[in-house]
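Colleague: Residue-level listing of the chains:
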Amino acid sequence: MAFSLVPREESFFDLFEKSSTNLLAAARILVETTDHFDRVADNAKRMKQIEHEGDQLMHEIMARLHRTFITPLDREDIHALASAMDDVLDFMEEASERLVSYRVREATAPAKEFAAIIARQTEEIHRILPRLRKVKADDILKHCIEINRLENEADRVLRESVAALFESRGDPLDVMKWREIYDLLERATDKAENVAVVVESIVLKMA
Amino acid sequence: MAFSLVPREESFFDLFEKSSTNLLAAARILVETTDHFDRVADNAKRMKQIEHEGDQLMHEIMARLHRTFITPLDREDIHALASAMDDVLDFMEEASERLVSYRVREATAPAKEFAAIIARQTEEIHRILPRLRKVKADDILKHCIEINRLENEADRVLRESVAALFESRGDPLDVMKWREIYDLLERATDKAENVAVVVESIVLKMA
Amino acid sequence: MAFSLVPREESFFDLFEKSSTNLLAAARILVETTDHFDRVADNAKRMKQIEHEGDQLMHEIMARLHRTFITPLDREDIHALASAMDDVLDFMEEASERLVSYRVREATAPAKEFAAIIARQTEEIHRILPRLRKVKADDILKHCIEINRLENEADRVLRESVAALFESRGDPLDVMKWREIYDLLERATDKAENVAVVVESIVLKMA
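Chains as they are written, first to last, in the working numbering: chain X, 3 to 209; chain A, 3 to 209; chain B, 3 to 209.
I should point out that these hints are in silico values taken from the structure, not numbers from a laboratory.
Where hints are given, some of them may not hold.
Since the list gives no way to pick one copy over another, a pair counts as held whenever it fits inside one copy or between any two copies.
To be verified - No farther apart than 30 Å at their CA atoms in a straight line, the calculated lysine-lysine pairs in the BS3-like style are these: (1) Lys114 to Lys138; (2) Lys47 to Lys114; (3) Lys144 to Lys47; (4) Lys207 to Lys114; (5) Lys47 to Lys138.
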């Protein structure tokens with residue numbers, strides 16, 4: 003008789019881990035793009051592909067949520083976690099697309115800072131998610147605090163970079179473009195913070 | 003003895019159908035405005051009126067939700083569906099108001115494309131809603147997929163039209179105005195996609 | 003034997019009242035800033051401090067929510083109320099920070115109007131919250147309607163002020179700055195309306 007020894011709900015964790023691996027890959031492309039700007043167009047295509055895979059993972063999680071009677075985490079937490087991770091990816095992809103369609107010539111210093119912050123946040127997310135299988139509160143919360151701290155840093159980068167853009171009295175159209183790109187990058191870090199908020203809430207409930 | 007044969011909760015469906023008729027009317031005004039731009043001011047007034055009616059329908063749904071003990075759909079789904087439909091209307095109205103207050107002189111090609119997409123999405127919504135009374139999953143999901151596809155199309159129009167705006171090197175103030183109007187129109191299509199997402203989730207639960 | 007006569011859940015109300023006192027203080031600083039613009043930098047620092055206190059109150063409410071088994075209001079309402087109040091504060095703080103970092107020279111007439119509207123909304127919120135302890139529906143709903151009316155007024159101020167900005171054909175970079183500041187101020191009034199929406203829903207459930 004064939005049957006699975008692993009309860010099927012376990013697979014939520016598998017899907018979340020695939021999502022976080024996906025996130026990490028996207029963040030690395032973003033860093034590479036800002037470091038080697040000549041690859042911007044190719045990297046935007048790879049990013050689009052990763053975002054597409056992220057969408058499919060998200061749909062799989064949602065479909066499974068509807069089919070599964072007893073879930074290993076609260077249904078709303080599974081939904082919130084999947085959405086938050088998908089949002090991080092969406093904003094990375096949008097920023098990467100704008101770099102191409104706005105015909106930006108080079109990555110600015112703040113763009114590099116944002117990419118580095120997002121990469122560090124996704125590394126933290128990638129560390130946390132496997133630990134949700136067997137919650138160790140202290141261990142997880144430490145990483146959530148770090149994600150939070152990184153978001154505050156991104157907030158500072160946004161404020162300073164936008165103030166500097168206006169200060170530069172450059173071409174208003176270029177100011178508009180970069181403002182939007184910085185905004186998209188900062189929103190990616192906000193969404194990463196959302197991931198941490200959901201994880202914190204899961205951990206607190208289980209404590 | 004006078005009493006209603008129709009259980010009172012049925013009226014949620016009536017209210018949703020009124021909302022979708024309202025949405026359809028608003029989308030048609032938007033199309034007419036972009037086709038015959040000399041009517042922009044009159045049409046903005048009619049749109050404002052429709053948005054006002056939409057608000058009242060929304061309030062009626064919410065008030066009824068608080069009064070009704072057993073609802074024909076999950077409470078949160080009723081709330082989400084009413085909100086999503088109200089959001090579509092709000093963004094159409096906001097875009098229509100900006101065309102007047104920003105003293106725009108004519109409708110651009112992307113504005114017409116957005117209006118056409120929104121009109122098609124509201125037609126799909128108008129087809130779906132009456133079928134929620136007696137859920138036929140396949141039939142409904144087909145329309146949800148089409149609404150989704152239309153949102154992807156609007157996304158493409160936004161990306162191309164904003165890139166073209168910047169490319170034109172036109173007056174920065176005009177670029178700002180159109181960017182905002184395109185953004186509002188695209189957000190109307192996002193919200194229409196939200197309607198489809200809620201409907202899909204209702205259908206999956208009932209399946 | 004020492005024990006508290008006040009059930010511990012009562013303290014949610016205490017925390018909400020502290021939050022609303024905090025909101026009121028922030029709104030008064032905003033009014034003072036637009037009236038006496040030479041204090042803009044000092045006031046932004048005070049605002050930042052108040053926002054920080056608001057964050058701590060918010061975290062305390064959330065942590066207590068996780069620890070408390072029986073809450074005096076629905077859990078989701080406590081969450082929504084705390085979030086909405088925190089959002090009002092965040093937008094006030096963001097607007098106040100932009101006035102400094104964008105090196106704005108003086109407060110415009112619309113900035114003063116927004117500050118006055120927000121101050122009136124926070125006064126209404128400050129009146130409502132203590133009444134949640136012992137709900138008197140009519141009394142509370144009257145204030146919710148007023149908060150709503152004020153939000154409509156802010157909406158009008160936004161539309162008129164942004165149209166006037168474009169009409170002025172001024173420096174595009176200055177137009178961008180003020181547009182963003184007006185937007186942040188208007189979003190503070192939106193979030194104040196959210197507070198009223200949550201309160202209305204609490205009152206309707208208890209009626």
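Colleague: Take the hints in turn and mark each one as holding or not.
Modeller: These are the hints, each one checked on the structure:
no.	hint	in the structure
1	Lys114 to Lys138	neither (34 Å within a copy, 50 Å between copies)
2	Lys47 to Lys114	both (19 Å within a copy, 29 Å between copies)
3	Lys144 to Lys47	between (35 Å within a copy, 29 Å between copies)
4	Lys207 to Lys114	neither (37 Å within a copy, 44 Å between copies)
5	Lys47 to Lys138	neither (38 Å within a copy, 38 Å between copies)
When each numbered hint is compared with the structure, violations occur for hints 1, 4, 5.
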